[in-house]
Amino acid sequence: MNDIMVDKTTDLASAPQTSTLRQPSTLRQPRLPAWAPIGLVALSILLGCGIGVAAGLDSKIQWGLISAVLLVAITFALTAQVEGRRQAKDRLATSLVWICFLLAIVPLASLMYGTIDRGSKVLDGAFLSHSMNGVLTTQPGGGIYHAIIGTLEQVGIATLIAAPIGLLTAVYLVEYGRGKLAKAVTFFVDVMTGIPSIVAGLFILSLWIIILDFDYSGFAGAMALAILMMPVVVRSTEEMLKLVPNELREASLALGVPKWRTILKVVLPTAIGGITTGVMLAIARIAGETAPIVLLVFGEKVINNNPFEGAQSSLPFYIYEQWSLGNEASYDRAWAAALVLIAFVMILNLVARGIARWKAPKTGR
Amino acid sequence: MAKRIDVSGLTAYYGSHKAIEDISMTVEPRSATAFIGPSGCGKSTFLRTLNRMHEVTPGGRVEGKVMLDNENLYGSGVDPVSVRRTIGMVFQRPNPFPTMSIFDNVAAGLRLNGSYRKSELNDIVEKSLKGANLWNEVKDRLNKPGSGLSGGQQQRLCIARAIAVEPQVLLMDEPCSALDPISTLAIEDLIGELKERFTIVIVTHNMQQAARVSDHTAFFNLAAVGQPGRLIEIDETERIFSNPSVQATEDYISGRFG
Ligand SMILES: Nc1ncnc2c1ncn2[C@@H]1O[C@H](COP(=O)(O)OP(=O)(O)OP(=O)(O)O)[C@@H](O)[C@H]1O
Ligand SMILES: [Mg+2]
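If you read the protein sequences in the order shown, they are chains A and B. If you read the first sequence in the numbering used here, its first letter stands for residue 1, the second for the next number, and so on. If you read the second sequence in the numbering used here, its first letter stands for residue 1001, the second for the next number, and so on.
Isolated chain A (complex conformation):
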């Protein structure tokens, strides 16, 4: 009795083993090892450089392109041999995506590198805290304090004008807008998105300075910047408000909360992270505008703290001004100012991300 039982169990245990040995699994296929992609990249770069040297090609860009083409071709051929056609297509797509990513990164990285390399030469505390007052344009020295003040004030005023108007417009479009008026507003916002900055500058120039006879000032520039900023704020806020689920509005209305309080207390808080990000990105966009500043703020070498009276400078204007002077010292100053401007925009972006993360509706326990 016992013997039979033992016999049976050994039989059962050995049965599946033998069957796996005999028939190959249909789920498992030959795979390239995990290090294959990296190895292939290294191989194609080596080959690309080798061909580049052998053919006497000067441009490193050509080397890179040859490597890229080789990578795609080798990966596809090898995978098709070892793993089959479907995986080969998969790897083909993967390598193409990576190459496009690198192509997009290269200009950005070289721009960052160039700006940091050339801009850090004269960038120091004195550069940040002095104006160009009394500095000979051909001599080293001077700084961008007046330009920073100008940019901060002009962008700040533009934001104070454009953000509330843009926000309210978006609230109108999403929460109230029906019919013709809403369509017209949407249309004009679209048109405004396409306005070139020089046109916005000319508009304020003719209205504010020529017709109404005001003087050049930071405020005039800020108004032109506000025109450029407004459609961006409207668009991004609109998208964010549309993301707020209708159920939340209904839940609030069903509690007997009036519509305006629902918007203020439920809809806007839910979307506030995204809205802030949108406003920050719009600020980043106008911080680099030069044309309206050239037309309306006129540029100035000395510190002018009052945005409502007299000419001011700004970072993009300063870069333009220094570059057009055309000597070594002014080139250095232009690059340093460019570095400061990029850093300013980058910090705004990081702050925007921080706020978006901090304010995002919380999930989890």
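Warning: the hint list may mix true and false statements.
[Claimed, not checked] If you only want the chain B side, here are some residues facing chain A, beta carbon under 10 Å, derived:
id: 1; residue: M1067
id: 2; residue: R1085
id: 3; residue: L1112
id: 4; residue: A1164
[Stated by the list, open to error] No farther apart than 30 Å at their CA atoms in a straight line, the calculated lysine-lysine pairs in the DSSO-like style are these:
id: 5; chain 1: A; residue 1: K259; chain 2: B; residue 2: K1018
id: 6; chain 1: A; residue 1: K265; chain 2: B; residue 2: K1139
id: 7; chain 1: B; residue 1: K1118; chain 2: A; residue 2: K359
id: 8; chain 1: B; residue 1: K1018; chain 2: A; residue 2: K180
id: 9; chain 1: B; residue 1: K1003; chain 2: A; residue 2: K259
id: 10; chain 1: A; residue 1: K259; chain 2: B; residue 2: K1144
[Unchecked claim] Label pairs and their calculated CB-CB ranges:
id: 11; chain 1: B; residue 1: K1127; chain 2: A; residue 2: V97; range: 54 to 62 Å
id: 12; chain 1: A; residue 1: P245; chain 2: B; residue 2: K1144; range: 14 to 22 Å
id: 13; chain 1: B; residue 1: K1144; chain 2: A; residue 2: L212; range: 31 to 39 Å
id: 14; chain 1: A; residue 1: I165; chain 2: B; residue 2: S1150; range: 41 to 49 Å
id: 15; chain 1: B; residue 1: H1017; chain 2: A; residue 2: M112; range: 56 to 64 Å
id: 16; chain 1: A; residue 1: A184; chain 2: B; residue 2: P1038; range: 41 to 49 Å
id: 17; chain 1: B; residue 1: S1150; chain 2: A; residue 2: W358; range: 20 to 28 Å
id: 18; chain 1: A; residue 1: I165; chain 2: B; residue 2: S1016; range: 31 to 39 Å
id: 19; chain 1: A; residue 1: S110; chain 2: B; residue 2: V1081; range: 54 to 62 Å
id: 20; chain 1: A; residue 1: A73; chain 2: B; residue 2: A1178; range: 47 to 55 Å
id: 21; chain 1: B; residue 1: H1017; chain 2: A; residue 2: L212; range: 51 to 59 Å
id: 22; chain 1: A; residue 1: K242; chain 2: B; residue 2: P1038; range: 30 to 38 Å
Hints listed in this document are in silico derivations from the structure and should not be mistaken for laboratory results. The C-beta atom is built at its ideal place from N, Cα and C for all residues, glycine as well.
Since the structure of chain A is already known, use the hints to place chain B with the ligands on it.
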């Protein structure tokens, strides 16, 4: 507190589409009334006309009368906001406010409608959460976000939020459709308790649930796809489930339908 609802000749449209036609019924105070009927027959639409939420939908339009005791909800000069404060609503999918904590969610209706003293709010929130059978599960984490609760807990949070403003009628649109049997049971028990204070209307696809919780049952149906939904009959739940006066009701309840 609880009030009677008298509906007469009510027709509701979405734009030019007539969703429900000529509905007349009475909802008794201090009792639970269940709405049953096939999908698309207009139960949700009808429910939403009872607290003027229907007109929130773009194109939503209502004809007819809804009397709350002696006042017509659709009379001239009636403020939909105060109607919704009197007639609360719980939705099919739990929808707590994601930016608010559990406490703030329950306090939302009160806070968004005016100022309350902190101590007063504390009492009301505790009372409402206890009323919704949720207090014991959340009392230690009132300041955590409401979206961190389980689906069933979220739904009870929404019920607590709705009863915190002390409505006289509570409308519930399939409140258990996304819930497990235990949460469903908790909510059914809750309805049993709530109907002693409020007038309850509940939409459900679950016949047993209708039979368990309601005193009256209304059966809705539509003649054909694209036709407006109509009220077929309303009667005591026992009668509807044992011996309905219309053949279609019996067919629907016994599962012999389409
Ligand atoms: N927002 C809307 N816009 C246009 N038509 C709608 C809208 N909501 C519902 N309807 C239509 O109104 C009719 C009734 O819909 P309703 O949601 O009231 O049905 P229901 O009985 O609640 O169905 P279910 O049991 O599936 O929830 C349907 O024909 C539906 O297509
Ligand atoms: Mg429904």
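Each hint, compared with the structure:
1. M1067: Check failed: Cβ of M1067/B comes no nearer than 19 Å to chain A, outside 10 Å.
2. R1085: holds, 3 Å
3. L1112: Constraint on L1112/B satisfied, holds at 4 Å.
4. A1164: holds, 9 Å
5. K259/A / K1018/B: OK: K259/A and K1018/B at ~26 Å, within 30 Å.
6. K265/A / K1139/B: With a Cα-Cα distance of about 24 Å, the restraint between K265/A and K1139/B holds, given a limit of 30 Å.
7. K1118/B / K359/A: Measuring from Cα to Cα gives roughly 25 Å; hence the hint holds.
8. K1018/B / K180/A: holds, 25 Å
9. K1003/B / K259/A: holds, 26 Å
10. K259/A / K1144/B: holds, 26 Å
11. K1127/B / V97/A: 54 to 62 Å: Distance hint for K1127/B, V97/A holds at roughly 57 Å.
12. P245/A / K1144/B: 14 to 22 Å: holds, 21 Å
13. K1144/B / L212/A: 31 to 39 Å: Taking Cβ atoms as reference, K1144/B and L212/A lie about 56 Å apart, which means the hint is violated.
14. I165/A / S1150/B: 41 to 49 Å: holds, 43 Å
15. H1017/B / M112/A: 56 to 64 Å: holds, 57 Å
16. A184/A / P1038/B: 41 to 49 Å: Check passed, 43 Å falls within 41 to 49 Å.
17. S1150/B / W358/A: 20 to 28 Å: Holds - the Cβ-Cβ distance for S1150/B and W358/A, about 26 Å, lies within 20 to 28 Å.
18. I165/A / S1016/B: 31 to 39 Å: Once the Cβ atoms are compared, 36 Å apart, the range 31 to 39 Å for S1016/B and I165/A holds.
19. S110/A / V1081/B: 54 to 62 Å: holds, 60 Å
20. A73/A / A1178/B: 47 to 55 Å: At roughly 52 Å between Cβ atoms, A1178/B and A73/A fall inside 47 to 55 Å, so the hint holds.
21. H1017/B / L212/A: 51 to 59 Å: holds, 54 Å
22. K242/A / P1038/B: 30 to 38 Å: Once the Cβ atoms are compared, 33 Å apart, the range 30 to 38 Å for P1038/B and K242/A holds.
Consistency note: the structure conflicts with the earlier hints numbered 1, 13.
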